[in-house]
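> Residue numbers (the working numbering), protein chains in the order written: chain A, 1 to 164; chain B, 1001 to 1132.
Don't read these hints as lab results, they were simulated from the structure. A portion of the hints provided could be inaccurate.
Claimed, not checked - Covered, in the sense of this in silico footprint (three residues per stretch, anywhere, with C-beta under 8 Å from a C-beta of chain B), are these stretches of chain A: (1) 13-25; (2) 32-39; (3) 68-79; (4) 102-112; (5) 116-123.
Unchecked claim - Below are the DSBU-like pairs computed for lysine-lysine, each with C-alpha atoms no more than 35 Å apart in a straight line: (6) B/1020 x A/19; (7) A/160 x B/1078; (8) B/1095 x B/1020; (9) B/1072 x A/19; (10) B/1098 x B/1020.
As the list claims (entries may be wrong) - Just a sample of chain A residues kept apart from chain B, beta carbon distances all over 10 Å, derived: (11) 6; (12) 61; (13) 99; (14) 130; (15) 144; (16) 145; (17) 161.
Predicted model only: the values in this text are computed from it and were never measured. We put the beta carbon where it would ideally sit given N, CA and C, even for glycine.
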Amino acid sequence: MNQQLNDVLFSVAEETLEKLAFMFVAKDYDRNDIDYESIVAASILFTGPFSGRLILTISTETIHELSANMLGVEEDETSPDQQDDALKETLNVICGNILPAIAGKEAVFNISAPMIINDIEDIRKNIENADGKALASVVRMEIDGEQCDLFLFIDGEIPKGFIK
Amino acid sequence: MALNVLIVDDSGVMRAMILKTMHMSGLPLGEVHQAGNGKEGLETLNQHWIDLVVVDINMPVMNGEEMLSRMKENPSTKDIPVVIISTEGSQTRIKRLKEKGASFIQKPFSPELIRDTVRDITGIGGDNESAT
């Protein structure tokens, strides 16, 4: 796995979660797997100089804090729809900042609307299969001890001249 | 003077965040209207006096760029200041939006950036006005 690409993903995720939701993430060096039973996930597709999918997973505990912090309310005041919306918007912002960090600021990408992946098996399938797309980078993070992961899948390879 | 603001974004959480951030930045807000896409935004503009439009780009039904173009074609809305707050990272697209007369803020944003941008295009709000 490409370290420079991993660094870009972590840096963007770190800045986005801090600015959007006042949440501080750290790299989780020791964890290599996912507890699928206790996560929610969102996925976003993009096309452009290279195409692919970005998936963000976050623990079911942390999603309450994420949505509450974004809205400026208490954790028990957010609805499931607002929690989904918060996760989708967070992924949308992360994706919008990762692509120019990889391909340069002149590159034009089309980004689809983010989608929630509800079913545990669908989350597993999206991460482990990803419609044949190759896993280009994965960053395993933790927020207050809870898992949070970011996966970048791409069709083919990232073109030469971009980050390698 | 209080600003009547229209916030257009398909994410309700992001609309709430933008509003919260505008309050935090010390901008003098009057009526605040919200819309979930460009079409709803144009309808709101036809029904209310709006001093400032804050709009996302990527939205269903009608995106922010088309809404901006429609506003510029209409004599009654062409002079309303527009701030685009978006995840868009392409300088090519951002330049095109600026050429249409919009200011641009990339998500994630800070209260200070929103305050300074709104103050630049409206001459209203933030520390300067509260000091006078």
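> Looking back at the numbered hints, which does the structure fail to meet, lowest number first?
2, 5, 7, 13
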